[in-house]
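K.L.:
Sequences are here, hints too, so could you generate the full structure?
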Amino acid sequence: MIKIVRNIALLIVALVAINYLSGKFHKRFDLTENQRYTIAPETKKLLDEAELPIFIDVFLDGELPSEFLKLKQETRQLLEELAAIHPNVKYDFLDPVENLNPEEANQVVQQLAREGVQPAVANIIEKGKQTNVTVFPYAIIAYDGKRTAIPLLKSVARSTTEQRVNSSINQLEYQLADGLRKVSKPKDKTIAILRDSGELSNLQIADFIRSLQAYYRIAPFGIEFVTSSDSVTPVKVLNELKKYDLVVEPKPTVAFSETKKYVLDQYVMNGGNLLMAVDPIIMENDSLANPDQKAYALSRDLNLDDMLFRYGLRLNRGLIKDVQSGALALATGQGRNTQYEAFQWPYYPMASGDSTSDITRNLEEVKFEYTGSLDTLKSSSKKQILLSSSAETAIVTLPSAISLNELDDEIDPQLYRSGSQPLAAIAQGSFISAYKNRVKPFEIKDHKDETSEASIFLAADGDIMKNQIDRGQPQDLGYDMRTGQFYGNKEFLMNVVNYMLDDDNLIALRNKEIKVPFLDIKRSYDHRLLWQTINIVVPLLIILGFGGLFLWLRKRKYTS
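Residue numbering for the sequence shown follows our numbering, starting at 1 and increasing by one per position.
Fair warning: there could be bad hints in the mix.
[Stated by the list, open to error] Lysine-lysine pairs mimicking DSBU-like chemistry, simulated, CA-CA at most 35 Å apart:
1. 70 to 90
2. 236 to 448
3. 185 to 243
4. 236 to 382
[Stated by the list, open to error] Pair by pair, the computed Cβ-Cβ distance ranges are:
5. 430 to 111: 25 to 35 Å
6. 240 to 502: 20 to 30 Å
7. 468 to 236: 35 to 45 Å
8. 551 to 94: 44 to 54 Å
9. 413 to 100: 47 to 57 Å
10. 219 to 296: 35 to 45 Å
11. 400 to 76: 48 to 58 Å
12. 85 to 413: 49 to 59 Å
13. 545 to 51: 25 to 35 Å
14. 240 to 475: 30 to 40 Å
15. 400 to 92: 34 to 44 Å
16. 544 to 77: 49 to 59 Å
17. 76 to 120: 13 to 23 Å
For the record, the hints were derived by calculation from the structure and aren't laboratory data. Just so it is clear, CB atoms sit at the ideal spot from N, CA and C, and this is done for glycine as well.
P.N.:
Here you go:
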C-alpha cells in the first residue's frame, strides 16, 4: 500500500514539474519534410523589429469549400507559429458578412473593396451537388494605425483550383511578412520614372507604380527637356538624378539624345541602378485594326546600342515567335452581344526563368508582346539571363508583315528551330563608361570612367510592365481581362526591383516551396460508403480484439 501511495505521489510531482517547465520553456519542433512550419529568418527579423501589437483579421470562416478550408488551416498554423515567436501577434478568423441582411452585407463588401479586399465565388460540392458561395480570401493586418489588405489566394495562369491553393500556401509566409513590412517599415529608397522619350503613360503603368509605392518613394523625372532650357542645365539634372536609388525607363519610343545618354551613363558610374524595358520593335495590336487586318513590324532605333554595348548588353531586332505563347483575344458579335474569343498567338512568347535564380524561382510565366531578344557580351560586369523563350522559337527578320489571317494556320513546331532566346537580363558589378575616351556632350568636373558597383536590368520588350485598361481604370499588371489569365509580370518586376535595391529578404520568402497533399473530392464521394464502413467497423474490431486479449490473459493468469 505504501509503495502504491509513493508511486502516485511521484507521478503527481512529475506532472506538476512538467507543467511548470512547459510554461517556462516553449519549444516547437518541425518534423515535416520541407520544414513548412519553420519561420524564415527574414520574417523573424520583421517580428523582432515590431515593438507594437500586430493585429491580423483573416476573412476565412463560415461555410467554405474544401480547398479554402485547407488554405484556412495552413493560415491558422502559420499564425500560430508567428504568435509563438512574437506574443504581440493577435489574430482572428471571421466571416465579414455573417448574420447580416443583404443591405448591411453590401455595405461591408463595399467598405472591404475600398481597402483592397475583393470577394471571390467558389463552389461547394456536397453529396454530389454543387452550390456557389462567396468567400473573401484576404487578411487585413494593422500596426501602429496603418492597415493593409493581404491576398491569401494567388491567381495562377492555366491552373486548377488545387494548384492555385498550393501556390497560395507557398506564398502565405511571404504575403503576411510583406504586409507587415508595408505597415511597419519606412520607405527609405527612392525611384525615378523617366517621362521624356515617349514612354508608357501613367495609366499604362499605374499598377506597377502602385505596387512600387507600397515600398518606395516614387517620382516622375525628365531629362531631355534640358537641351532647350537655360535655367536647368544637364549638370543640375544629373545631380538631382543621383539622389535616386533606381531609375526606371518604361518603353521609350523616341531616340535618346547624347545628353540624356550621358546623364544616365554618369548616373550609373556613380553607383546608380537602371531598369530598362526597351522595345526594339515597332508593332502594336492597334495596327492590325484595319480592313486588311495586316500590319508591318519594323525596327526601332533608340540610339542606345553603343551605350548598351559598353555595359555588356545588346538588343537584337529580330521578332520572336514562340510555340509556348499566350492568347490574343478577338471580339466576335456586335453591340451588347460582343464576346471575346482567345486564340494562341505566337507573337506573345511566354517566358520562363532560371529555376535556380532568386529572382525567377517559383514565378509564373511572364508574358511578352512583339518582343525582340538580347545578348550578353564580354565585359567587366557580371551578367545573368533572367527570362528566355522556349526551345521552340523562331526569329523573324524585320521588316515583316503580320496578319490576323495567321490565326487560321496551325502552328508547325518544325518552323520553330532557333532555340531558346534571352528576353531579359541583369548586369551587376563593375561598368565602364560609354563615354570613356570619347567627346562628351557636356562637361562635368567629376566625370567617372568606371564604377565598381551598380546594376542594369534590360528587357527586350517594354510591354512587360504595361497593364490593361478597362473603362479608364487600370487593371492588375499581368492580368488579361479578355481571357481571364494571370501572368507573372508583376511578381517578376517587383523581384527585380527588390533585388537591385538590395531589398531581397522577401524574395527568399516568395520563393519558398511547400507541397501540400489534397483530398480527391470526387473519389472520396464515390467511395464514401467504403471509408465510412472502415471508420466505424475497424475501431470496433480493434476494441473487441484488445478486450478479448485482456480476458484471455486474465483467464490464463488465474487458471495457472
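K.L.:
Hint by hint, say whether it matches the structure.
P.N.:
The hints, checked one at a time:
1. Only pairs whose Cα atoms come within 35 Å are accepted, and residue 70 paired with residue 90 is accepted, the gap being roughly 21 Å.
2. Taking the CA atoms of residue 236 and residue 448, the gap is near 16 Å; set against the 35 Å cutoff, the hint holds.
3. Taking the CA atoms of residue 185 and residue 243, the gap is near 20 Å; set against the 35 Å cutoff, the hint holds.
4. At most 35 Å may separate the alpha-carbon atoms for a hinted pair to count; residue 236 and residue 382 meet this at roughly 31 Å.
5. The hint said 25 to 35 Å for the Cβ distance between residue 430 and residue 111, and at roughly 52 Å that hint is violated.
6. Between residue 240 and residue 502 the beta carbons are some 22 Å apart, a value that agrees with the proposed interval 20 to 30 Å.
7. Look at residue 468 against residue 236: about 38 Å separates their beta carbons, and that is inside 35 to 45 Å.
8. The given range of 44 to 54 Å is respected by residue 551 and residue 94, whose C-beta atoms sit roughly 52 Å from each other.
9. For residue 413 and residue 100, the Cβ-Cβ distance of about 55 Å falls inside the hinted range of 47 to 57 Å, so the restraint holds.
10. Checked against the hint of 35 to 45 Å, the C-beta distance between residue 219 and residue 296 comes to roughly 37 Å, which is consistent with it.
11. Restraint check, residue 400 to residue 76: a C-beta distance of roughly 55 Å satisfies the suggested window 48 to 58 Å.
12. For the hinted restraint 49 to 59 Å between residue 85 and residue 413, the CB-CB distance of approximately 52 Å keeps it satisfied.
13. Range check, residue 545 to residue 51: about 58 Å between beta-carbon atoms, so the 25 to 35 Å window is missed.
14. A beta carbon spacing of about 33 Å between residue 240 and residue 475 agrees with the range 30 to 40 Å that was offered as a hint.
15. Between residue 400 and residue 92 the beta carbons are some 59 Å apart, a value that contradicts the proposed interval 34 to 44 Å.
16. For residue 544 paired with residue 77, a C-beta distance near 36 Å fails the hint of 49 to 59 Å.
17. Distance hint check: the CB atoms of residue 76 and residue 120 are about 19 Å apart, consistent with the given range 13 to 23 Å.
Checked against the numbered hints given earlier, the structure breaks hints 5, 13, 15, 16 and satisfies all the rest.
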